[in-house]
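Residues per chain, in single letters:
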Amino acid sequence: MNTHNVLLCSNIQPPPAKYGGRHTVTLIPGDGIGPDLLNHVREVFRFSCVPVDFEVVHVNSADESEDDINNAIMAIRRNGVALKGNIETIHTMAPSVKSRNNLLRTNLDLYANVMHCQSLPAVQTRHKNIDIMIIRENTEGEYSSLEHESVSGVVECLKIITRTNSLRIADYAFKLAREKGRSRVTAVHKANIMKLGDGLFLQCCREVASGYPDITFDSMIVDNTTMQLVSKPQQFDVMVMPNLYGNVVSNVCAGLVGGPGLVPGANYGLNYAVFETATRNTGKSIAGKNIANPTAMLLAGCMMLDHLKLYDYATMIRNAILSTMNETRLHTADIGGQGTTSEVVQSIMRNIQSKGPLISER
Amino acid sequence: MTARSVQSLSGALKLLFNNRLTRVYGAATCTQRHKSSYTPPPARYGGRHTVTLIPGDGIGPELCKHVCELFRFCCVPVDFEVVNVDSTKDSEDDINNAIMAIRRNGVALKGNIETNHNLPPSYKSRNNLLRTTLDLYANVMHCQSLPGVRSRQNNIDIIIIRENTEGEYSSLEHENVPGVVECLKIITRTKSLRIADYAFKTARAQGRRRVTAVHKANIMKLADGLFLECCKEVASGYPEITFDSMIVDNTTMQLVSRPQQFDVMVMPNLYGNVVSNVCAGLVGGPGLVPGANYGKDYAVFETGTRNTGKSIANSNTANPTAMLLASCLLLDHLKLHAYASMLRRAILCTVTETRLHTADLGGHGSTSEVVRSIMSAVQSTGPRTLSI
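So the protein lines, in turn, are chains X and S. In this text, residue positions in the first sequence follow the numbering used here: the first is 6, and each later residue adds one. In this text, residue positions in the second sequence follow the numbering used here: the first is 28, and each later residue adds one.
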């Protein structure tokens, strides 16, 4: 019997690895600014004596074979949790080379992408008091990578919407809204044009909404949504949507609260969770220059600690990050400051040290 | 197949088969002419143009009425042929009448026709039918910051050129397995080349220096990859214009933080929808920006963001600026440039100097007050008008 196949097909997954009280988490550095930022995360975790060990798995984006990404996927199945940087999709390679990030999300069935956009007091933005949770379907929709060119010069790209996945994501959205005490869920769609596709999505959301009478449900067409987001974003509470609209809307919201360097993102599946920056930027142009904003990746690390139920560590690091951002006001270039990445990280570590708990020597 | 091509086909066959098949094709020619897409030039009789007017739903009818009022007041030599399209009816007769009227006149001004969600999925969007049947392949929207309008960003000047007939709006969906819907997004080489060519020609004509293609080719490699490739090919023929590309998610994020970096943008249908709405929101809202749909033979003008505005219909609070500026674009298209600039000046004067704003821009004016103010602005600049 092929044990490799049995392991991949098996539905019985081990719980997140915890041995001797220490968790093991898969770390995928990715490309661009990913490796630098993840090094900083490790540095901060080590400094704060967080009981997490990282199993580093490299994925070479220039490699056509899928071995690297399969190793990464197997490592995540083993550990249950991962922290990753974005893996670049090189345009000049053949179309058969699928996006590695996409492969990871679909193989592990990480169906919900959750992004929480909040205005931070010290970051200068044009809009204030934004507090939006975006829940985006992560595995189907326009990202099915199903395209073909039946006739030369005519490409058909399939967008798949299924009832099961739509019900699942709607259910996740409402559960999360209830858990966080939110009062309103908005479904974003384009059902006036894509009547069957987005019509099905909308119908599933309505069905699920009927089971949560304490939460208001409404829907909005994606073009109107983006226009409202740009003029009056405070009206939105929780938003749920298919894959592509989720991509656009989450980037608009990230832009509204201050940019891609500030917002962390989480991808949840039934058995696994992978944490990364919300807008999934590789940041090739600023790689290696020590100017990237580490906030997004560090906050993603805190979300991971929350997921592992290490709440104290998560709160401690999160408070330090927010305090550096809001009180010390040490900002990197993307939010208008002059600090470097290492300066910000040092400031965060000093903050942790001053708050008191057990730390290792710097 | 056009009547012309059928005739040439029968001509070619004549040579091949020595008149034996022309009898058969003679009959075909007649029926083809009945369904022909041969188009007369824009209607002009006695120096007056005839333009099709489709009021649509929501705020459409009242805004179109204001356009008629204003044109009559300024003695613009345009007559409107009104064609009503009932959005509650299932049959396609209404929209076919409208399409035939546009074929006849060559130019149209329209309000948005509502797509009722409760009707079955076989009922296609009337606006979409109009665009695809008339092959209005380019949707052009020019977003500019207006001095008197309060907005969070300033100095925005972006031209958005959006492919209008294919992409995600092909209305091709099917449910092979219950609970699994497949939606087809079509990208073709010919249409991508056509829209890219249009974009570069427009950029050159308006003296613009940079064209940005918006895509998602890292995920949709074949489809958006083809679109991007076509844009690059066309770009090589315009060396004085810089061409670059940006992924749609990054584009929307950049638009929200630094929209001044964009000049001309070209993109497929759905991204065009989202990006144009973001830009409209940035310059002040849906009530300010006009849009134009151009095809090879026809042009249809409407508001840029195609809102029905059902919630504010008949309450005299809608902003007429977008529809009135769209009518100015129409006048420019008919080469009535003097009238177009006169009206445009009056409209912009009301918005920026008099600062008479409707509710959507934060003011208290009603639609009729704004229109009256525009009419007095026109009257004061001198040319012959009717009395108010």
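Hints are computed from structural coordinates only; laboratory data are not their basis. Warning: the hint list may mix true and false statements.
To spell it out: a stretch of chain X is covered by chain S in this simulated footprint if at least three of its residues, at any positions, have a beta carbon under 8 Å from a beta carbon of chain S; those stretches are [stated by the list, open to error]: (1) 76 to 89; (2) 97 to 109; (3) 146 to 154; (4) 234 to 247; (5) 269 to 280; (6) 314 to 327.
Note that the structure is a prediction, hence the values are computed from the model and not measured. Yeah, the Cβ is synthetic: ideal placement off N, Cα and C, and Gly gets one too.
These are the hints, each one checked on the structure:
1. 76 to 89: violated (count 0)
2. 97 to 109: Check passed, 3 qualifying residues.
3. 146 to 154: holds (count 6)
4. 234 to 247: holds (count 3)
5. 269 to 280: violated (count 0)
6. 314 to 327: Check failed, 0 qualifying residues.
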